[in-house]
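Undergrad: What follows is each chain in one-letter form.
There are 2 protein chains.
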Amino acid sequence: MTHPPGSPPTSSPITGEAAIIDILAPLTARFPGAFALKDDCAALVPTPGYDLVLKTDAVAEGVHFFADDAASDIGWKALAVNVSDLVAKGARPRVYLMALAFPAPPSLHWLRDFARGLEQAQTCFGITLAGGDTDRRHGPLSITIAAIGEVPAGRMVRRAAAEAGDLLYVSGTLGDAALGLKLRSDGSQAAQWELAPDDALALVRRYLRPEPRLALAPVLRDHARAAMDLSDGLVKDLGRMMQASGTAAVVHAAKVPLSKPAAAAQARTPALLIDVLTGGDDYEVLAAVAPDRAKSFEQAAAAAGIAVARIGETTPRRPEAGRVVVQDHDGRQLDLVRSGWDHF
Amino acid sequence: MTHPPGSPPTSSPITGEAAIIDILAPLTARFPGAFALKDDCAALVPTPGYDLVLKTDAVAEGVHFFADDAASDIGWKALAVNVSDLVAKGARPRVYLMALAFPAPPSLHWLRDFARGLEQAQTCFGITLAGGDTDRRHGPLSITIAAIGEVPAGRMVRRAAAEAGDLLYVSGTLGDAALGLKLRSDGSQAAQWELAPDDALALVRRYLRPEPRLALAPVLRDHARAAMDLSDGLVKDLGRMMQASGTAAVVHAAKVPLSKPAAAAQARTPALLIDVLTGGDDYEVLAAVAPDRAKSFEQAAAAAGIAVARIGETTPRRPEAGRVVVQDHDGRQLDLVRSGWDHF
Numbered sequence: 001m002t003h004p005p006g007s008p009p010t011s012s013p014i015t016g017e018a019a020i021i022d023i024l025a026p027l028t029a030r031f032p033g034a035f036a037l038k039d040d041c042a043a044l045v046p047t048p049g050y051d052l053v054l055k056t057d058a059v060a061e062g063v064h065f066f067a068d069d070a071a072s073d074i075g076w077k078a079l080a081v082n083v084s085d086l087v088a089k090g091a092r093p094r095v096y097l098m099a100l101a102f103p104a105p106p107s108l109h110w111l112r113d114f115a116r117g118l119e120q121a122q123t124c125f126g127i128t129l130a131g132g133d134t135d136r137r138h139g140p141l142s143i144t145i146a147a148i149g150e151v152p153a154g155r156m157v158r159r160a161a162a163e164a165g166d167l168l169y170v171s172g173t174l175g176d177a178a179l180g181l182k183l184r185s186d187g188s189q190a191a192q193w194e195l196a197p198d199d200a201l202a203l204v205r206r207y208l209r210p211e212p213r214l215a216l217a218p219v220l221r222d223h224a225r226a227a228m229d230l231s232d233g234l235v236k237d238l239g240r241m242m243q244a245s246g247t248a249a250v251v252h253a254a255k256v257p258l259s260k261p262a263a264a265a266q267a268r269t270p271a272l273l274i275d276v277l278t279g280g281d282d283y284e285v286l287a288a289v290a291p292d293r294a295k296s297f298e299q300a301a302a303a304a305g306i307a308v309a310r311i312g313e314t315t316p317r318r319p320e321a322g323r324v325v326v327q328d329h330d331g332r333q334l335d336l337v338r339s340g341w342d343h344f
Numbered sequence: 001m002t003h004p005p006g007s008p009p010t011s012s013p014i015t016g017e018a019a020i021i022d023i024l025a026p027l028t029a030r031f032p033g034a035f036a037l038k039d040d041c042a043a044l045v046p047t048p049g050y051d052l053v054l055k056t057d058a059v060a061e062g063v064h065f066f067a068d069d070a071a072s073d074i075g076w077k078a079l080a081v082n083v084s085d086l087v088a089k090g091a092r093p094r095v096y097l098m099a100l101a102f103p104a105p106p107s108l109h110w111l112r113d114f115a116r117g118l119e120q121a122q123t124c125f126g127i128t129l130a131g132g133d134t135d136r137r138h139g140p141l142s143i144t145i146a147a148i149g150e151v152p153a154g155r156m157v158r159r160a161a162a163e164a165g166d167l168l169y170v171s172g173t174l175g176d177a178a179l180g181l182k183l184r185s186d187g188s189q190a191a192q193w194e195l196a197p198d199d200a201l202a203l204v205r206r207y208l209r210p211e212p213r214l215a216l217a218p219v220l221r222d223h224a225r226a227a228m229d230l231s232d233g234l235v236k237d238l239g240r241m242m243q244a245s246g247t248a249a250v251v252h253a254a255k256v257p258l259s260k261p262a263a264a265a266q267a268r269t270p271a272l273l274i275d276v277l278t279g280g281d282d283y284e285v286l287a288a289v290a291p292d293r294a295k296s297f298e299q300a301a302a303a304a305g306i307a308v309a310r311i312g313e314t315t316p317r318r319p320e321a322g323r324v325v326v327q328d329h330d331g332r333q334l335d336l337v338r339s340g341w342d343h344f
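If you're matching them up, the sequences are chains A and B in order. Sequential numbering from 1 applies to the first sequence in my numbering. Sequential numbering from 1 applies to the second sequence in my numbering.
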């Protein structure tokens with residue numbers, strides 16, 4: 001590769017690490033502890049009475065995004081996938097560190113667009129760049145972020161805390177990003193699914209620009225027993241929550257919330273249900289709520305302006321912890337060929 | 001690449017992300033907030049009255065280590081280069097996040113050895129794994145760590161705080177790793193430099209296993225005006241400190257501390273002085289100390305068991321901030337062809 005993904009070949013490449021730092025330093029403007037990226041480390045003053053919630057997640061070209069995605073979308077996504085985890089734990093995002101690996105010096109144009117996407121995400125998520133590292137190496141462009149949020153002491157919402165009999169909720173709609181990824185890979189499918197151009201675009205946009213459900217964080221802290229974000233597909237991630245909690249789950253496929261475009265596509269191509277249930281990149285919240293908290297959870301979510309849908313319930317570990325059964329309208333078990341994404 | 005660096009091809013590859021987590025989870029044993037890597041995030045309870053010091057640094061095969069380095073050495077180095085930064089800021093290491101990118105599933109053998117190196121480093125540095133992320137992608141094996149330490153509130157030692165007239169100190173000895181890297185790349189140079197095998201090994205080991213100067217952290221907090229770790233070569237990193245501080249510096253080449261093997265090599269091949277002054281991977285501390293604190297700094301370092309050597313002094317910004325002049329024994333300015341490592 002002679003120029004980085006998305007950069008017009010006419011735009012001149014960056015010279016020197018200092019030039020990269022100059023473009024990224026404005027992202028630290030609201031955080032004095034970043035010392036404008038002119039020190040070796042950042043200093044964070046913790047809020048008294050709060051725990052810090054820590055997460056690292058990487059995105060790489062060819063795995064999590066396409067080489068020709070807009071740089072601003074890549075920046076947004078790199079940050080969003082980390083913030084999504086913090087939010088699902090009930091945390092408020094604070095700062096992040098970012099390690100960039102470039103196969104070739106990026107162009108000024110590309111890097112400015114990348115920084116613009118990060119800036120937009122920072123503003124939406126209330127998080128600020130604190131520091132970073134930049135390397136050049138062969139291989140794909142990759143962005144590794146470590147994000148730090150905070151929760152009132154002892155209040156991080158756990159993955160392992162679901163109990164048999166809890167009600168299972170998800171935020172927003174599922175499967176949009178999985179369908180968007182299919183369209184991003186092969187645009188001709190839009191016609192196959194008889195999607196209007198705007199609907200196809202909306203699905204692709206959900207793949208490119210995940211939107212962490214920030215307003216749900218305090219609701220989860222107050223009303224959920226367990227929660228996590230959905231990144232590797234509902235069935236796989238729910239299985240992880242059940243495994244960790246020592247429970248099993250039943251999901252009612254008809255109750256899984258679909259966006260209008262996803263519902264339209266699935267009406268034309270019923271097999272897309274598999275993608276909805278097992279496709280990755282949802283970045284919605286999965287929560288287990290005790291039955292006696294269900295009403296208050298639903299009310300608080302509504303007050304926060306976040307749609308939540310009850311999709312199933314947890315059961316005792318039958319026949320084993322982590323088992324997820326998806327039922328159709330008539331209570332028959334769906335046979336899912338695959339459960340979700342695994343890198344290995 | 002069909003098997004990861006350093007792994008014997010006979011050792012079977014890991015299957016599934018869960019198997020990787022199983023091998024790494026014991027590294028979290030001393031940190032309950034890691035939830036044994038079975039949650040999506042970690043929870044860190046900050047120590048009241050302390051600030052957190054944040055750093056991220058990545059190491060990649062072919063850039064920071066060799067594909068056939070021992071996995072335990074790779075693990076050690078990935079953690080050491082981050083801890084080195086924390087220590088130079090006066091911080092005590094606490095926890096770290098680790099994002100792994102594998103070009104192919106690692107073997108059990110390789111991953112266990114990698115974890116062993118991390119375990120050794122954790123024990124030496126007093127830091128614990130808090131969480132992580134594992135991806136598979138083409139390109140080099142890479143390890144991106146985000147390390148968190150703590151300092152008493154407001155006491156992080158800055159890079160930008162040197163003043164004209166300060167005395168410049170470095171810890172330990174410089175250039176060992178740069179010479180070790182030359183030997184690691186081409187073993188025949190040991191004969192050229194007339195090095196005893198043990199001496200050659202000692203230099204290579206300094207490249208493979210940097211040793212952050214943990215005991216120096218409180219000394220820096222109490223006595224140094226500015227400090228940073230040396231990772232990209234003395235001349236370049238000192239230039240960065242001077243640039244940030246708005247000062248310049250004079251270094252007396254004869255006062256730069258050399259190990260016995262490095263001194264022996266340089267006696268045979270005087271041009272190696274350039275490598276000592278500009279080679280990377282020292283992971284020693286550079287400190288600017290006010291003249292009236294010099295004696296107490298030296299005494300406290302001695303009491304902590306860390307050798308420090310005074311190598312020069314800061315001057316007003318002449319002709320410009322960031323200028324570093326290296327003088328030989330007779331006060332003549334050395335002409336350095338290059339100043340240090342830059343990825344871009």
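Don't take each hint at face value.
One copy or any two copies: either way a pair holds, since identical chains are not told apart in the list.
Stated by the list, open to error - Here are the computed lysine-lysine pairs in the BS3-like style, where the Cα-Cα straight-line distance is at most 30 Å:
| hint | residue 1 | residue 2 |
| --- | --- | --- |
| 1 | 255 | 236 |
| 2 | 260 | 38 |
| 3 | 38 | 255 |
For the record, the hints were derived by calculation from the structure and aren't laboratory data.
Undergrad: Could you run down the list of hints and mark each one as holding or not?
TA: Hints, one by one, checked against the model:
Taking identical chains as interchangeable, the C-alpha atoms of residue 255 and residue 236 lie at most 30 Å apart only when both belong to the same chain, with a minimum of 18 Å there against 60 Å between chains. For the identical chains of this complex, residue 260 and residue 38 are neighbours neither inside a copy (48 Å) nor across copies (35 Å), given an alpha-carbon limit of 30 Å. Within a single copy, residue 38 and residue 255 get their C-alpha atoms only as close as 51 Å, which misses the 30 Å cut-off; across copies the closest is 28 Å, which meets it.
Against the hints set out earlier in the document, a violation occurs for number 2 only.
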